[in-house]
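Novice: For the protein sequence lines, the chains are Y and D, in the order given. Counting in the working numbering, the first sequence tops out at residue 75, every number present. Counting in the working numbering, the second sequence tops out at residue 1705, every number present.
Any given hint could be a false lead.
As the list claims (entries may be wrong) - Covered stretches of chain Y (chain D as the covering partner; in silico rule of three or more C-beta atoms under 8 Å from a C-beta of chain D):
hint : stretch
1    : 22-31
2    : 43-50
3    : 59-65
What the hints contain is simulated information worked out from the structure, not anything from laboratory work. Predicted, not measured: the structure shown is a model, and the values here were computed from it. Quick reminder that beta carbons are idealized off the backbone N, C-alpha and C, glycines included.
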Amino acid sequence: MSKRSVADLKVGERATIQSFNNQLMSLKLLEMGCLPGAEVCLSGKAPLGDPICLNVSGYCLAMRRSEAATILIDN
Amino acid sequence: MNQSPVIALIGNPNAGKSSLFNQLTGLRQKTGNFPGVTVDKKSGTWPIDTQTVATIIDFPGIYSIYPKSLDEQIVTDILANPAHPDYPDVSVVVVDAANLHRNLLLFTQVADLGVPVILALNMLDVARQQAKDVNSVRLAMRLGVPVVRINARTGEGLDLLKKAVIGQLSEPTLPGKLFFDPAEELPDLITDTKIRYELDNNYLALQYLIQHDGFSFLDRPQQRGLDELIDKYQFNEQTFQAGETITRYKRIATIAAEVVTNQRPANQPTWSQKLDRYLLHPIWGYAIFSFILLLIFQAIFAWAQPFMDAIDTGVAWINGQLKESLPAGPLTDLLTDGVLAGIGGILVFIPQIAFLFLLVALLEESGYMSRVMVIMDRIMRKFGLNGRSVVPLISGVACAVPAIMATRSIGTRRDRLITILVTPLMSCSARLPIYTILIALVVPSRRILGLFNLQGLALMALYLLGLVSALVAAYILKLFLRTKERSYFIMELPTFKLPRWNHVGLTVWESVRSFVWEAGRVILAISIVLWVLASYGPDDSMDQAEARAKQQHSTLTLNQLQNIIASDRLEASYAGQFGHFIEPVIRPLGYDWKIGIALLSSFAAREVFVGTMSTIYSIGSGADDDGITIRERLRQERNPITGGPMYTPALAWSLLIFYVFAMMCMSTLAATQRETKSWKWPAVQLVYMMVLAYGAAFFTYQIMQ
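All chains should be modelled from the sequences, with the hints used to inform the complete structure.
Specialist: Spelled out as structure tokens, the structure:
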């Protein structure tokens, strides 16, 4: 079963981070506050749909879709 | 107490570290490099009592002590090495109260390394606006370290910070136990490492294990020893590091729950988020960015012009005064035609550089620059670059040297390397005088569509050519530089803030000063060498040339004769012989030996080209014409073979195209060497750009001729 990732969110949609599927990327994301159990909200997308802007615990993180795809979420 | 302690300012990007630094040091600050590395080091002095003057070091902003970019590497490299000259006696960790949770991650790591710490709780006003407050007394009790409430922008709370620093200096208090103790999970590995490397801090031992490849203070055998330990205990660094981060955040969450009161209604957008809807909008986003770029170009070319003219006139006036008041002779010539002409060529760029850095600093200060990186990332990625490459490329329009240094924030090695290699293709301000003089020579000043000036359009076309070639070169380099490393782009978008004007002012002042100082020294040296080479020749060849000219042209008037003598003497000088020597190589591009001299001398820095041309043509054209501009002299120059004007459109365009591409700047090559720590990349840069320049100029001349 393929899991949904942050990259699948629609603008304004909320979700809870469950796990990561790339270890190296997860190190960077964890430090920036993307923790398992944290609530995220896709607050916007850059003009060509990529990178995306994510609200995590009160601040805004910009990341590429390919990085967002490593953050798996609950449905 | 130490009479000259070192105090480090550490914190997340945008936590207010630099504001605090400026508050504490006032104007007693300087920039330099950390010993052994080229990363910018801002340090300053802070008198904390009558006997003690502390040195304050502003470290690059980081999110954790696991570095993601070269810039960030320096922080761990120093904090893990008590023998480093910049190792702090006290670390002041500046924390954004509005974002306590994430900011505490770095704080707990720094504290665990065993440096005496003080937590400076900043931006309480921002937190209050968001209906949050932090109980600093309870925070201090929970963390076991001094916590000081400050406002780095207004300077509130600095006396309390001073007291806390004095306290930590005279009687360092460290938290009783580590916030995160790796020995709880890895007792044997940590003990083994501590014994073998004579460490007494568990967390530092962990850093040795995880980061030893990046630690400059460990030698090869020491690094290999750590690899062996990792193998022996089957230690998985990445899993452990992920676990560490999660554990820290869990503990932080319990503390934050106790000390932060948050009455902010959920899901209410801040005004930064509202602004972002426009700045990141599919259409408005690019429209606003284009408008800002246009503004930057307008500032560089139109607004800076009056100041540049004023400097130009001023230098010419001083030159004239000197020539009148000093006795005529070689020394006066050296001073006026050599030194002063060369320095004038540098000073004239100050307004452009100042304007550019002013605007770039404003964009960065306000928080807009990160939005630009976001909207450009997708486009830049196609060319093997990164959203963060935008800043170097824009700064490259002023000068490639600071632009190349600005690539340090790019975390991926390949993205950074490509950015470094292509940045010098952006037309820097040193090319501008060459462009202006040659365009004025061959492009008529005519209006097109009643709006645009033809010369202006030609100038813009050259800048666009530089930009396009930078992107194409990046694309081609991307195909050659294969790497397993994954390119990434993760960035916090800071909230919008009003710029701190003193900070902007300091940035502009620093960049102008280093430009004048760095470029000025090169130009001064070359001007002197060139003047000597053009004024003297081997044996008595110059006198012979003069005698010959007198014999052959005995019928001419005195004035005409003087011109010919001067020109023949120049041809016989060292510089002239040098020019003749390389003439065969540059003939296919349409250049003669005089241009050859200018080309050669401008190898060190393009700025020298125009200066050399004025030197060559003023030495070569006799006396009595000091009022004539260099442009007029070029216009009058005849081609000895055809008898027509020397500077035909074909020649001028060939030269223009040559200078769009040519890698003629020692400082840039030196910067590339420093930043890549190898001679290979400056060599690659030099060769590919010179081949490009020669080829393009060759085709231009052959087609237009």
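Novice: Now tell me, hint by hint, if it's right for this structure.
Specialist: Going through the hints against the structure:
Closer than 8 Å: that is the beta-carbon criterion, and the stretch 22-31 of chain Y has 9 residues meeting it against chain D, so the requirement of 3 holds. Counting residues of the stretch 43-50 of chain Y whose CB lies closer than 8 Å to any CB of chain D gives 8, which reaches the minimum of 3, so the coverage claim holds. Here the stretch 59-65 of chain Y counts 6 residues with a CB under 8 Å from a CB of chain D, which clears the bar of 3, and the coverage holds.
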